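Colleague: Sequence:
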Amino acid sequence: MYPIMLFVGIYYVKNFTFIIIIHVLVTFLVPVPLTAQIEKEPPLKILRISLENTPTHVMTRNVSRFAEEVSYRLGPRVKAEVYPDARLFRDREVLNAVHSGKVEMAVPGTWNLESYVPELNLFLLPFLYGKSVAENHRLSDGTIGRRIQQRMESLYEVRVPGKWMDLGHAHVFTLRKPITKLEDFKGLRIRVAGGKANELRFSILGSYSFTIPWPELVERLRSQLIDGLLTTYETLRSAELWNHGIRYAFEDNQYFPMYIPIVGKWFWEELTEEERTAFQSLWNAHAEKQRQEALEAQLQAKEMFIQNKGNVFEPAKNELDKIREVLMRSQPDLIRQLKIDRGLVEEAARELEP
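For what it's worth, the working numbering labels the leading residue of the sequence shown as 593, then goes sequentially.
In case anyone wonders, no lab produced these hints; they're calculated from the structure. All values derive from a computational prediction rather than experimental measurement. There's no promise every hint is true.
Below, computed lysine-lysine pairings styled on DSS-like, alpha-carbon distance capped at 27 Å [to be verified]: (1) Lys914 - Lys778; (2) Lys637 - Lys671; (3) Lys857 - Lys881; (4) Lys914 - Lys723; (5) Lys723 - Lys769.
Each pair of labels, with its calculated beta carbon distance range [what the hints assert, rightly or not]: (6) Leu944 - Phe802: 29 to 39 Å; (7) Val725 - Gly935: 24 to 34 Å; (8) Asn910 - Glu945: 30 to 40 Å; (9) Asn835 - Ser724: 42 to 52 Å; (10) Gly667 - Glu745: 35 to 45 Å; (11) Glu943 - Asn835: 38 to 48 Å.
C-beta atoms are modelled at their ideal positions from N, C-alpha and C, and glycine is treated no differently.
Construct all of the structure, not just a fragment, from the sequences and the given hints.
Modeller: Here it is, written out as structure tokens:
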């Protein structure tokens, strides 16, 4: 600033007009204070997304692509970061974490939310045993799914920004003893990822079931403390569980696990209306793509299981009907124990009618 003023002074007498021009230029060239620039820029919002699955899992890969696009479309105001492998929270505790502001977003499995929202147990009831992907989507994408979402949003101050993602049909996998019929379930120790309804279903079939978090599973398999587990081909592939003793699959479509996206209400309300619309649009686009990829991933993972000396048994329809009949006898008691709205179950059953 000083040298410029000295320069102006030298030419003051000779050229008054030049002084005015220089003075105007100096005024506009003086740098704006950094603090003033910062005040004009919106604060950066970090969107941390907590996942329990491994980085290679089909769901994790799709959520990661969603995060990249959110950072691009909503940046520089919003930056999304994905934390897989339960590095932040396990799915069983993540709803409370989002509610209390400890993390901005999560995509937990339905089976890990049933203790918070009992209505989600509906998707684990015997009447959906062996049902198709389309039938499960008819419920999750329709009135039943919306009612469950609204209850979760009101109870825990979260927002569900769009469609649920798929995992794919869960089956029973065992280490040493293959399952080929109903009677083979008796006495087996089966690991489930969560969901009281899953535990109760196996109890009805004569098995002992235990909820074991994903990060602890490999050690339990090594110790041979369990005989098998309820999971999907893709989840099995993501950790190469055939290297830890899994040898047999009983492909019975026990239930159809899905993932629900949840965002803290406190974070959601800090977004502009335009940002929320873009967020929802991006999520739904990736969810649709993920559903197709999940289906393909399950088929590919099944082939990998077979290539790694896995044995798959596909039960005949009459055997599946026999198992469903046994399970259905206990459904009224399950509805009572799990505190599911009976009217909601009846409505869901009607929606599945031809």
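Colleague: Return the numbers of the hints above that this structure violates; sort them in rising order.
Modeller: When the structure is compared with the hints, numbers 8, 9 and 10 turn out to be violated.
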